[in-house]
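There are 2 protein chains.
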Amino acid sequence: MEEEKQLDSQKYAADINSIKEAQVRIAPYVHRTPVVSSTSLDSLSGKRLFFKCECFQKGGAFKIRGATNSIFSLEDEQAAKGVVTHSSGNHAAAVSLAAKLRGIPAYIVIPKNAPICKVENVKRYGGQVIWSDSTIQSRESVASKVQEETGAILIHPFNDKRTISGQGTVSLEFLEQIPEIDTIVVPISGGGLISGVTLAAKSINPAIRVFAAEPKGADDAARSKVAGRIIMLPKTNTIADGLRAFLGDLTWPVVRDLVEDIITVDDTEIVEAVKLCFEVLKVVVEPSGAVGLAAVLSDQFKQKRSWNEMKSIGIILSGGNVDLSVLWESLRSRSFVAAAV
Amino acid sequence: MEEEKQLDSQKYAADINSIKEAQVRIAPYVHRTPVVSSTSLDSLSGKRLFFKCECFQKGGAFKIRGATNSIFSLEDEQAAKGVVTHSSGNHAAAVSLAAKLRGIPAYIVIPKNAPICKVENVKRYGGQVIWSDSTIQSRESVASKVQEETGAILIHPFNDKRTISGQGTVSLEFLEQIPEIDTIVVPISGGGLISGVTLAAKSINPAIRVFAAEPKGADDAARSKVAGRIIMLPKTNTIADGLRAFLGDLTWPVVRDLVEDIITVDDTEIVEAVKLCFEVLKVVVEPSGAVGLAAVLSDQFKQKRSWNEMKSIGIILSGGNVDLSVLWESLRSRSFVAAAV
Chain D
1 MEEEKQLDSQ
11 KYAADINSIK
21 EAQVRIAPYV
31 HRTPVVSSTS
41 LDSLSGKRLF
51 FKCECFQKGG
61 AFKIRGATNS
71 IFSLEDEQAA
81 KGVVTHSSGN
91 HAAAVSLAAK
101 LRGIPAYIVI
111 PKNAPICKVE
121 NVKRYGGQVI
131 WSDSTIQSRE
141 SVASKVQEET
151 GAILIHPFND
161 KRTISGQGTV
171 SLEFLEQIPE
181 IDTIVVPISG
191 GGLISGVTLA
201 AKSINPAIRV
211 FAAEPKGADD
221 AARSKVAGRI
231 IMLPKTNTIA
241 DGLRAFLGDL
251 TWPVVRDLVE
261 DIITVDDTEI
271 VEAVKLCFEV
281 LKVVVEPSGA
291 VGLAAVLSDQ
301 FKQKRSWNEM
311 KSIGIILSGG
321 NVDLSVLWES
331 LRSRSFVAAA
341 V
Chain A
1 MEEEKQLDSQ
11 KYAADINSIK
21 EAQVRIAPYV
31 HRTPVVSSTS
41 LDSLSGKRLF
51 FKCECFQKGG
61 AFKIRGATNS
71 IFSLEDEQAA
81 KGVVTHSSGN
91 HAAAVSLAAK
101 LRGIPAYIVI
111 PKNAPICKVE
121 NVKRYGGQVI
131 WSDSTIQSRE
141 SVASKVQEET
151 GAILIHPFND
161 KRTISGQGTV
171 SLEFLEQIPE
181 IDTIVVPISG
191 GGLISGVTLA
201 AKSINPAIRV
211 FAAEPKGADD
221 AARSKVAGRI
231 IMLPKTNTIA
241 DGLRAFLGDL
251 TWPVVRDLVE
261 DIITVDDTEI
271 VEAVKLCFEV
281 LKVVVEPSGA
291 VGLAAVLSDQ
301 FKQKRSWNEM
311 KSIGIILSGG
321 NVDLSVLWES
331 LRSRSFVAAA
341 V
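Top line first, the protein sequences correspond to chains D and A.
Letter 113 of the first sequence, counting from 1, is numbered 113 in UniProt numbering, and no numbers are missing.
Letter 70 of the second sequence, counting from 1, is numbered 70 in UniProt numbering, and no numbers are missing.
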C-alpha cells in the first residue's frame with residue numbers, strides 16, 4: 001500500500017505532536033484523573049493493575065477530551081454557528097459541556113431509546129436535545145437537517161483527528177503517573193480512544209503493548225482484525241451500550257497495525273467486572289467502562305503469548321454514567337447479589 | 001483546669017510530630033488517596049468542594065492508617081502475641097490487614113448482627129473472627145477473654161495516641177494536595193479521625209476551620225459539645241452504622257476545644273449524599289462515609305456565621321464498604337430511584 005511507505009507520523013490520523021497540542025489546549029477544561037490500584041485485584045489477576053479513572057472525568061467519561069479539543073480548535077466564526085452530534089451517550093454529554101465552556105450552541109440528536117441518565121447529562125450541560133428514531137439512518141438524517149438549518153459543524157465521536165488527539169491525552173497522563181506500565185488495555189467501540197492512546201503510548205515507548213477489550217455481542221473490531229478489513233455487524237447485543245459503534249477509516253489503520261489484539265468478553269464477564277469495580281475499587285463504572293478489567297481477568301487474555309512478559313497493566317476505566325436501577329437489575333438478574341430482604 | 005496551662009502540644013493526645021512520624025511509619029503500607037471534585041457539586045453547594053477519597057484506601061476506609069501506625073509501633077515481643085479488637089466494621093478489617101502486613105495474628109471480635117460485607121473484609125484480610133453478642137458488654141468481655149488467653153494487645157479504634165496520629169495523616173496529605181482548603185468537614189463517631197485531622201490541620205494553619213458531621217440518630221458528639229462534657233446515648237438509630245461510637249477521653253478535648261461545630265444530618269440527607277457520590281462523583285461511599293457531604297449541603301451548615309468566609313471546603317469521604325443490596329433498598333425505599341422495570 002502507498003501509505004506504508006510514508007513516515008509513521010503521516011500514516012495515522014494523529015501523532016504525538018497533535019496529542020501534546022491537545023493536552024495543552026484542553027488542560028484548562030478537563031480533570032487530570034487519578035489512578036487507583038488494589039492488591040485484591042492484583043492477586044486475582046496475578047499482575048500489577050493500575051486503573052485510570054476516566055469515570056471521574058468531567059461529564060463522567062473520557063469523551064470530554066476529544067470534544068474539547070475539537071470544539072476549541074474551531075475558528076470563532078464557525079464556532080458561533082454551534083456544533084451538532086448524532087452520537088448519543090457520553091460523547092453527546094461531552095459535546096454539550098465543551099460547547100457550553102466555549103459559549104456556543106450544541107445540538108444533540110438522540111435516539112428515543114437512549115438511557116435516561118445519558119439524556120439527563122446532555123440537558124444538564126445545556127445541550128439542545130433533538131429526538132430521532134433509533135436507526136443510524138434516522139439519526140444521521142436528523143443531524144444533517146440541523147446542520148443545514150443552523151450551519152453547525154458535526155463533531156464526530158471518533159473518526160476525526162482532533163477527537164483522536166484529545167483522547168490520546170489519556171495515555172500521556174497515564175504514563176506520566178505510572179511510568180512502569182508495559183501493557184495498556186482499552187475499551188474499543190469506534191476506536192477513537194484506542195487510536196489516540198496507542199499512538200501516544202507507542203511514541204513514548206514502542207515496547208508498550210496495547211490490547212483492545214470488546215463485548216462479544218459487538219465484536220466487530222475483533223472480526224475486523226482477523227479479516228484485515230473493517231467489518232460491520234447487522235446488529236449488536238450487549239449490556240455495554242457505549243461500545244456498539246464500528247471502526248472508521250481513520251481509526252482502523254491504528255487497530256490494524258499497532259494494537260496487539262482484541263480480547264472479547266461476554267456480558268456476564270462485564271457485569272462481574274462492574275461489580276468488582278464497585279465492591280473492591282469503590283469506583284462507579286458503567287458496563288462499557290469496565291470491559292477492560294473483564295478482558296484482563298478472562299482466560300483468553302491469560303492465553304496470550306506475551307502474558308508472561310506483562311508485569312504492570314494499565315486499564316482505562318472509560319466511563320461511569322449508569323442508571324443505578326438498570327445496573328442493579330443487571331447484577332441481580334445474574335445472581336451476583338442476593339435479593340435484598 | 002490544670003491542663004489548660006500546659007502547651008498545646010502536651011494538652012492533646014497527639015501532635016504534629018507524632019502525626020508526621022506516623023506518616024513516615026505507614027507510608028509503605030497505605031495509599032496516598034486521590035482528591036476528586038465536581039463542578040456540579042460546586043454549583044449545588046455554592047463553594048469549591050474537594051473530596052478526599054479514603055474509600056479508595058486499603059481496606060476501603062481511613063482506618064488502616066491508625067491500625068498500621070499502632071501495629072507497626074509495637075515491640076517485636078509484644079507484636080508476636082498478636083492483636084485484638086472488638087470494634088466491628090472498618091477498624092476490624094484494618095487491624096486484620098495491618099496485622100497481616102506485620103505477619104502477626106489478629107483476633108477480631110464481631111457482633112452477630114454486623115453487615116456481611118464487613119465480616120467478609122475481615123476474613124479476606126486474614127483476621128480470625130470470634131463472634132459475640134451485639135451488646136458492647138458482650139463484645140468487651142469476649143475481647144478480654146481473648147487477651148487473657150493469647151497475650152494479644154488491644155488496638156483501640158479511636159481512643160489511643162497512635163490511632164489518632166495515624167488518622168491525622170489524612171490531613172497532612174489533603175493539605176499537601178489542595179493547599180487552598182480553608183475548611184474541613186469530617187465524619188465523627190469516636191473522634192479518632194477528627195482529632196488527628198484537626199490537630200494536624202490547626203498546626204499547619206490555625207485559621208483552618210474543622211467541622212464534624214454526625215447523624216441525628218447518633219448525635220452524642222453534638223450533645224457533648226453543647227453540654228461541655230462527654231454525653232453517651234442509651235441507643236442510636238441511623239443508617240450510618242460506622243458512626244455509632246461515643247467520644248473517648250483522648251478525643252473529647254480536641255472536639256471540645258478545636259472543632260468549630262458539629263453539623264447533624266438525618267438519614268434521608270445521608271442517603272441523598274450517598275446517591276450524589278455515586279451518580280455525580282462516581283465514587284462508592286458507605287452512608288457513614290458520605291455524612292460530610294450531607295452536612296455541607298444542609299441548611300444548618302449554610303446558617304453558620306463563618307459560611308460567607310468559606311471558599312474551599314475539604315470533605316473526607318471516609319469509607320466505601322457497603323452491601324450493594326442494602327444500599328439499593330435504602331435508595332429505593334426513600335423513592336430516590338424508580339423501581340427497576
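One should not assume that every hint holds.
No distinction is drawn between identical chains; accordingly, a pair holds when it is met within one copy or between any pair of copies.
Straight-line C-alpha distance at most 25 angstroms; calculated BS3-like pairs for lysine-lysine [what the hints assert, rightly or not]:
no., residue 1, residue 2
1, Lys161, Lys81
2, Lys100, Lys47
3, Lys145, Lys302
4, Lys47, Lys123
5, Lys123, Lys275
6, Lys20, Lys145
7, Lys302, Lys161
8, Lys161, Lys275
9, Lys11, Lys81
10, Lys311, Lys161
11, Lys304, Lys235
12, Lys161, Lys112
13, Lys112, Lys302
14, Lys11, Lys123
15, Lys20, Lys302
16, Lys47, Lys11
17, Lys47, Lys302
18, Lys20, Lys81
19, Lys20, Lys47
For the record, the hints were derived by calculation from the structure and aren't laboratory data.
Here is how each hint holds up against the structure:
In this assembly of identical chains, the alpha carbons of Lys161 and Lys81 lie at most 25 angstroms apart only when taken from the same copy (21 angstroms versus 63 angstroms across copies). With identical chains, the CA atoms of Lys100 and Lys47 are at most 25 angstroms apart between copies only, with a shortest distance of 21 angstroms across copies and 41 angstroms within one. In the homo-oligomer, the alpha carbons of Lys145 and Lys302 never lie at most 25 angstroms apart, since the shortest distance is 48 angstroms inside one protomer and 48 angstroms across protomers. In this assembly of identical chains, the alpha carbons of Lys47 and Lys123 lie at most 25 angstroms apart only when taken from different copies (23 angstroms versus 41 angstroms within one copy).
Taking the closest pair of Cα atoms, Lys123 and Lys275 come within 25 angstroms of each other only across two copies (19 angstroms); inside a single copy the shortest separation is 28 angstroms, beyond that limit. Taking the shortest Cα distances, Lys20 and Lys145 never come within 25 angstroms of each other, neither inside one copy (35 angstroms) nor across copies (63 angstroms). Proximity of Lys302 and Lys161 under a CA criterion of 25 angstroms is satisfied in neither setting, with 33 angstroms inside one chain copy and 47 angstroms between copies. Taking the shortest alpha-carbon separations for Lys161 and Lys275, neither the intra-copy value of 35 angstroms nor the inter-copy value of 37 angstroms comes in at or below 25 angstroms.
In the homo-oligomer, the alpha carbons of Lys11 and Lys81 never lie at most 25 angstroms apart, since the shortest distance is 32 angstroms inside one protomer and 65 angstroms across protomers. For the homomeric pair Lys311 and Lys161, neither the shortest alpha-carbon distance inside one copy (32 angstroms) nor that between copies (40 angstroms) is at most 25 angstroms. For a Cα distance limit of 25 angstroms, the shortest separation of Lys304 from Lys235 qualifies neither inside one copy, at 28 angstroms, nor across copies, at 57 angstroms. Proximity of Lys161 to Lys112 under the C-alpha cut-off of 25 angstroms is found in neither arrangement, the shortest distances being 29 angstroms within a copy and 59 angstroms between copies.
In this assembly of identical chains, Lys112 and Lys302 lie within 25 angstroms of each other by CA distance neither inside one copy nor across copies; the values are 40 angstroms within and 40 angstroms between. With identical chains, the CA atoms of Lys11 and Lys123 are never at most 25 angstroms apart, being 38 angstroms at best within one copy and 54 angstroms at best between copies. Within a single copy, Lys20 and Lys302 get their C-alpha atoms no closer than 33 angstroms, and across copies no closer than 43 angstroms, so neither meets the 25 angstroms cut-off. Within a single copy, Lys47 and Lys11 get their C-alpha atoms no closer than 34 angstroms, and across copies no closer than 47 angstroms, so neither meets the 25 angstroms cut-off.
Taking the closest pair of Cα atoms, Lys47 and Lys302 come within 25 angstroms of each other only inside a single copy of the chain (11 angstroms); across copies the shortest separation is 47 angstroms, beyond that limit. Within a single copy, Lys20 and Lys81 get their C-alpha atoms no closer than 28 angstroms, and across copies no closer than 56 angstroms, so neither meets the 25 angstroms cut-off. Taking the shortest alpha-carbon separations for Lys20 and Lys47, neither the intra-copy value of 30 angstroms nor the inter-copy value of 32 angstroms comes in at or below 25 angstroms.
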